[in-house]
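Assemble the whole structure, with the sequences as input and the hints as a guide.
At position 35 of the sequence shown (counting the first as 1) the number is 52 in this note's numbering, and the numbers step up by one without a gap.
None of these hints come from the bench; they were simulated from the model. Just so it is clear, the structure is predicted and the values come from calculations on it, not from any experiment. Wrong hints could be hidden among the right ones.
Pairs of lysine-lysine residues, derived as DSS-like cross-links and limited to a Cα-Cα distance of at most 25 Å, are as follows [as the list claims (entries may be wrong)]:
id : residue 1 : residue 2
1  : 77        : 117
2  : 121       : 76
3  : 32        : 71
4  : 200       : 188
Derived DEER-like restraints, expressed as beta-carbon distance ranges [claimed, not checked]:
id : residue 1 : residue 2 : range
5  : 50        : 207       : 41 to 49 Å
6  : 211       : 74        : 16 to 24 Å
7  : 187       : 22        : 14 to 22 Å
For each residue, glycine too, the CB sits at the ideal point set by N, CA and C.
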Amino acid sequence: MRFIDKDIEDYCIEKSNQPSHYCSELETYTRENIPMSQMLVGKMEASFLGFLIKSLGVKKVLEIGTFTGYSALAMAEALPEDGSVTTLDINPETTAVAQKFWSKSRSANKINLHLGPALESLKQFSPGFDLVFIDADKENYYHYLIKCLELLGHKGVIVIDNVLWSGSVLKAPQTESTAGIQKLNDYVASRSDLYSTLLPIRDGMLLIKKDLK
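Rendered as structure tokens:
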């Protein structure tokens, strides 16, 4: 669900940095061939993530939720040559698509895929990530956040997608996904040591950093 008028959103996308040929090819393939293609990160979100990477001098990215690899590729392309994207997913079929399209890009060497349950994969990493992007199973959003706060670098930023969940967060939860997102949003809002802002970009993006006063 989008909360901004489609014509306005399309105009914003048109006037923003455009995706590479490789990203566009991957997007088209996903929408035409992959079930649940709505899980794909949109152009506006990808452009926003790229802007953060370039503005904040990001070098190390952690992504939870690869799907077919669009966001990982877009972020890798925005990174400097010595940058890296560590991306986690549990689905071998969709990540096989991701790897096929990544291999066409000169940024492929920046992407490292870890296949398996994310909460297990996260145990092997050390702190120091500059940017964390979470776009995975909503029931575990709270648990992902807690672990990623431990892995976040001193000035790092966490971005979490789908935090408005088509507006269902405004009502009593009817699904575990909605309950998980509400738990996350409430928890972040309750933490005085975190600085956060929730933006109505597509289905909602929550930005979080440690409040270093």
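May I ask which of the numbered hints given earlier this structure violates, with the numbers listed in increasing order?
As far as the earlier hints go, not one is violated by this structure.
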